[in-house]
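Those protein sequence lines, which keep their order, are chains A and B. In this text, residue positions in the first sequence follow the numbering used here: the first is 1, and each later residue adds one. In this text, residue positions in the second sequence follow the numbering used here: the first is 1, and each later residue adds one.
It is possible that part of the hints are untrue.
To be verified - List time: in silico EDC-like cross-link candidates among lysine to aspartate or glutamate, alpha-carbon distance up to 16 Å:
| # | chain 1 | residue 1 | chain 2 | residue 2 |
| --- | --- | --- | --- | --- |
| 1 | A | Lys49 | B | Asp11 |
| 2 | A | Lys61 | A | Glu96 |
| 3 | A | Lys49 | A | Asp94 |
| 4 | A | Lys49 | B | Glu77 |
| 5 | B | Lys61 | B | Glu74 |
| 6 | B | Lys61 | B | Asp11 |
| 7 | B | Lys61 | A | Glu77 |
| 8 | A | Lys61 | A | Asp95 |
| 9 | B | Lys61 | A | Asp79 |
| 10 | B | Lys61 | A | Glu96 |
| 11 | A | Lys61 | B | Glu74 |
| 12 | A | Lys61 | A | Glu88 |
| 13 | A | Lys61 | A | Asp79 |
Said to hold, decoys possible - Residues on chain A that point at chain B, a partial pick, calculated with CB under 7 Å:
| # | residue |
| --- | --- |
| 14 | Arg13 |
| 15 | Asn32 |
| 16 | Leu35 |
| 17 | Asp52 |
| 18 | Asp54 |
| 19 | Phe81 |
To be verified - Partner residues are not named here, just some residues of chain A that face chain B (Cβ under 10 Å, in silico):
| # | residue |
| --- | --- |
| 20 | Met7 |
| 21 | Glu8 |
| 22 | Gln67 |
| 23 | Glu74 |
| 24 | Asp79 |
| 25 | Val83 |
| 26 | Arg92 |
| 27 | Thr107 |
These are computed hints drawn from the structure, not numbers from a lab. Please read all numbers here as calculations on a predicted model, not as lab measurements. Glycine included, each C-beta is placed from N, C-alpha and C at the ideal position.
There are 2 protein chains.
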Amino acid sequence: MEAMERMERVDVRAVTSALDEFWSQQVIGEANGNLFKVAKGIGSTNWHKHDDEDEVFFVYKGRLTIQLRTGNVELSEGDMFIVPRGVEHCPRADDEVHLLLVGPTVTSTREGGKPDWSRK
Amino acid sequence: MEAMERMERVDVRAVTSALDEFWSQQVIGEANGNLFKVAKGIGSTNWHKHDDEDEVFFVYKGRLTIQLRTGNVELSEGDMFIVPRGVEHCPRADDEVHLLLVGPTVTSTREGGKPDWSRK
Chain A
1 MEAMERMERV DVRAVTSALD EFWSQQVIGE ANGNLFKVAK GIGSTNWHKH
51 DDEDEVFFVY KGRLTIQLRT GNVELSEGDM FIVPRGVEHC PRADDEVHLL
101 LVGPTVTSTR EGGKPDWSRK
Chain B
1 MEAMERMERV DVRAVTSALD EFWSQQVIGE ANGNLFKVAK GIGSTNWHKH
51 DDEDEVFFVY KGRLTIQLRT GNVELSEGDM FIVPRGVEHC PRADDEVHLL
101 LVGPTVTSTR EGGKPDWSRK
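Okay, chain A solo, but in the shape it has when bound (with noise of 0.2 Å):
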């Protein structure tokens, strides 16, 4: 693919707003080596880590909570939280919210089924 064919504006609460499904993550952008990814969550994942990635995660829309062994961590709207590759995490949106995560892998799409660590 051409640089210039991929120069494009992306509204990313659009992108987000009009995705259908709950944890499955679409790619919108790439660059240096990772992938921009927007999903939209509710309910709870169930605990696992990415061994060979961080996970970085941007609030968009709503609110999220990072479960973590070690506690939980509160995200609200304009937040941003990287999970270090290997730290078992469990994300839960008791409301709908909207994400926008960078790393280098899909670890979740419509395709691909929902991975193991997806309830809902």
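Given the structure of chain A, go ahead and fit chain B onto it with the hints provided.
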């Protein structure tokens, strides 16, 4: 630095609002070989390119015009735009804009002074 020590919520808007210099990037996180940085901007930079890294822009507040040799891209709050490596660009903001930037290096710091591409 131990992983656990790094795990802190970052209020992106608050950190950006507290910046007291334009176009100087402050690092708020590191993951997968990339830095997550915030900056305030107003006015215009000079035309420049980064040969070895893509530059990812997220507009957190305000509006940003990314001037390209092929035309302007107008970004509003909530928008993402990726300038691929090697592509000349010149960001411009008529009013103060707050940005999240992602890339492998810091291209402008308070300590390092302004780079050639920064006017203000």
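### Query
Hints broken by the structure, by number, lowest first?
Numbers 1, 3, 4, 10, 11, 12, 16, 17, 22, 26 and 27, in rising order.
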